[in-house]
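Just so you know, the sequences run in chain order Z and L. Residues in the first sequence are numbered from 10 upward in steps of one, following my numbering. Residues in the second sequence are numbered from 5 upward in steps of one, following my numbering.
Think of the hints as simulated: they come from the structure by calculation, not from any bench. Keep in mind that a hint or two might mislead.
What the hints assert, rightly or not - Dumping the calculated BS3-like pairs for lysine-lysine here, alpha-carbon to alpha-carbon at most 25 Å:
no., chain 1, residue 1, chain 2, residue 2
1, L, K73, L, K137
2, L, K217, Z, K11
3, L, K217, L, K184
4, L, K73, Z, K27
5, L, K73, L, K144
Stated by the list, open to error - Over 12 Å on every C-beta distance to chain Z, these chain L residues come out as not near it, computed from the model:
no., residue
6, V21
7, D36
8, Q72
9, R95
10, Q152
11, P153
12, Q155
13, D190
14, K217
The beta-carbon is built from N, C-alpha and C at its ideal position, and this holds for glycine as well.
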Amino acid sequence: MKITVVDYGVGNLHSISKGLERAGASVQVSSSPREIAEARCIVFPGVGAFGAAMEVLRPGIDELRSAISGGVPTLGICLGMQVLFERSEESHGDGLAVLGGSAVRLNAPRVPHMGWNNVSDSDDGLFEGINPDDQFYFANSYVCRPTERVTISETEYGERFPAAVRKGAICGTQFHPEKSSAPGLRLLSNFIRISEETA
Amino acid sequence: MPLTKRIIPCLDVKGGVVVKGVRFKGLTDVGDPPTLAVRYQEQGADEIVFLDVNASVAGAETLRAAVQKTAEQLFIPLTVGGGVRTFEDVRRMLRVGADKVSINTAAVAKPSLITECANAFGSQCVVVAIDAKRSDDGWKVHTHSGTQPAQRDVVEWAREVCELGAGEILLTSMDCDGVKEGYDLDLTRRVVREVGVPVIASGGCGSLDHIVKVLSDGEADAALAASIFHFDEHTVRDVKKELVAKGIPVRWCG
Numbered sequence: 010m011k012i013t014v015v016d017y018g019v020g021n022l023h024s025i026s027k028g029l030e031r032a033g034a035s036v037q038v039s040s041s042p043r044e045i046a047e048a049r050c051i052v053f054p055g056v057g058a059f060g061a062a063m064e065v066l067r068p069g070i071d072e073l074r075s076a077i078s079g080g081v082p083t084l085g086i087c088l089g090m091q092v093l094f095e096r097s098e099e100s101h102g103d104g105l106a107v108l109g110g111s112a113v114r115l116n117a118p119r120v121p122h123m124g125w126n127n128v129s130d131s132d133d134g135l136f137e138g139i140n141p142d143d144q145f146y147f148a149n150s151y152v153c154r155p156t157e158r159v160t161i162s163e164t165e166y167g168e169r170f171p172a173a174v175r176k177g178a179i180c181g182t183q184f185h186p187e188k189s190s191a192p193g194l195r196l197l198s199n200f201i202r203i204s205e206e207t208a
Numbered sequence: 005m006p007l008t009k010r011i012i013p014c015l016d017v018k019g020g021v022v023v024k025g026v027r028f029k030g031l032t033d034v035g036d037p038p039t040l041a042v043r044y045q046e047q048g049a050d051e052i053v054f055l056d057v058n059a060s061v062a063g064a065e066t067l068r069a070a071v072q073k074t075a076e077q078l079f080i081p082l083t084v085g086g087g088v089r090t091f092e093d094v095r096r097m098l099r100v101g102a103d104k105v106s107i108n109t110a111a112v113a114k115p116s117l118i119t120e121c122a123n124a125f126g127s128q129c130v131v132v133a134i135d136a137k138r139s140d141d142g143w144k145v146h147t148h149s150g151t152q153p154a155q156r157d158v159v160e161w162a163r164e165v166c167e168l169g170a171g172e173i174l175l176t177s178m179d180c181d182g183v184k185e186g187y188d189l190d191l192t193r194r195v196v197r198e199v200g201v202p203v204i205a206s207g208g209c210g211s212l213d214h215i216v217k218v219l220s221d222g223e224a225d226a227a228l229a230a231s232i233f234h235f236d237e238h239t240v241r242d243v244k245k246e247l248v249a250k251g252i253p254v255r256w257c258g
């Protein structure tokens with residue numbers, strides 16, 4: 010499976026690329042929205058700020074929306090999951106809006122939510138082979154509030170919020186699988202399998 | 005289970021190699037940052053910190069090469085600090101594979117750098133390192149690897165860096181560092197209670213019990229330690245076993 014990793018121009022793309030390669034994919038990095046819209050499989054990594062990321066994507070937003078809504082397997086990680094929704098309290102401007110809802114500021118005594126946390130058990134294929142006791146690495150100040158039934162796993166920190174979402178081939182994780190050791194790498198290989206089944 | 009407490013081995017790096025005498029049984033290349041980082045990852049470390057102890061402009065390139073090589077094999081977060089002076093330094097370090105960058109002297113010299121980085125990269129990757137030394141009335145911030153007093157109160161500075169956009173504080177007690185008699189619990193607790201971001205306690209770890217204390221009495225979110233791990237005295241797994249026994253939530257790795 011050839012996967013296009015979106016480059017917003019900031020942050021670490023190394024880990025996600027290596028994680029996907031280790032899980033059996035070949036990776037191409039791109040910052041061209043039109044090129045991304047033509048990809049067979051897209052990963053939106055989880056680094057940067059909402060406004061800055063959407064700035065990079067905006068020139069090709071219509072093509073991107075129709076590709077993702079049209080069934081191109083997509084994984085959004087952390088911030089990359091938040092851009093799949095309609096908007097965010099973090100910055101002005103629209104998100105990709107392929108999922109209904111928005112990202113809001115996390116309500117907890119200590120923000121960011123930083124470290125390893127449990128997630129609720131999920132029977133979704135994205136979590137296949139993952140033990141209910143396994144923990145994942147989070148680093149987020151915002152959380153998603155979907156307006157459709159897409160949440161497949163939740164976590165708790167100050168409040169309950171989605172740890173992972175899925176709608177067909179559109180997947181999102183609030184945690185960083187590429188930084189979550191063995192369970193995270195397993196999730197990435199599950200995503201690749203889902204992508205291959207969809208393609 | 006709530007969010008777990010983190011155990012963070014720290015590697016002092018100089019010219020791209022690990023210094024401060026790391027001795028591992030059955031490991032010949034103990035100076036190689038990626039080899040050691042992966043070793044700690046296997047032991048169950050929750051994060052790794054690289055600290056460039058003698059940062060120079062020429063050394064930055066070597067450090068970035070080490071970070072890049074490490075990032076290819078590390079599937080837990082990596083924080084890099086030491087000698088980070090400018091926005092461009094931060095950007096480049098993230099580009100080669102650091103997940104977070106720690107800023108110390110440059111943040112004191114130019115506090116707006118914190119905001120600039122938080123806006124571009126997100127607060128979650130901006131760590132402000134504070135070197136604290138006890139004075140008559142509290143603790144004073146020191147810069148330039150602890151050699152220069154900055155005439156700033158540590159607790160006030162901690163509060164300020166959070167307002168500026170820091171996502172985490174790496175708090176080192178200069179009084180306790182290297183002494184191996186335990187973390188400065190008063191200092192840690194004071195800062196933890198004053199700020200709304202996670203605090204990593206550093207300086208003074210000499211035993212498993214010190215880590216237990218700083219994560220319970222000290223109220224820290226994470227504990228950083230160096231020598232206790234480097235000489236194979238204790239593995240990260242030993243630390244976690246002890247924490248589990250004391251009822252402190254950790255990511256358990258078998």
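Status of L:P153, Cβ more than 12 Å from any chain Z Cβ: Holds, since 29 Å exceeds 12 Å.
Outside-interface status for L:D190 - nearest CB in chain Z farther than 12 Å: Holds, since 20 Å exceeds 12 Å.
Is the nearest Cβ of chain Z still more than 12 Å from the Cβ of L:Q72? violated, 7 Å
Going by Cβ atoms, does L:V21 stay more than 12 Å from chain Z at every point? holds, 21 Å
Report holds if the minimum CB distance from L:K217 to chain Z is greater than 12 Å, and violated otherwise. holds, 19 Å
Taking 25 Å as the top limit, are the C-alpha atoms of L:K73 and Z:K27 close enough? holds, 11 Å
Minimum Cβ separation between L:Q152 and chain Z greater than 12 Å? The claim stands: L:Q152 keeps its Cβ more than 12 Å from every Cβ of chain Z (closest is about 29 Å).
L:K217 and Z:K11 were given as a pair; does the straight-line alpha-carbon distance stay at or below 25 Å? With a Cα-Cα distance of about 48 Å, the restraint between L:K217 and Z:K11 is violated, given a limit of 25 Å.
Verify this label for me: L:R95 is non-interface relative to chain Z, using a Cβ-Cβ cutoff of 12 Å. Per Cβ check, L:R95 is inside 12 Å of chain Z; nearest 7 Å; violated.
Take the C-alpha atoms of L:K217 and L:K184, compute the straight-line distance between them, and say whether it is at most 25 Å. holds, 13 Å
Beyond 12 Å from every chain Z Cβ - status for L:Q155: holds, 29 Å
With a cut-off of 25 Å on the C-alpha distance, tell me whether L:K73 and L:K144 pass. The hint is violated at about 37 Å.
Hints 1, 2, 5, 8 and 9 from the list above are not met by this structure, while the remaining hints are.
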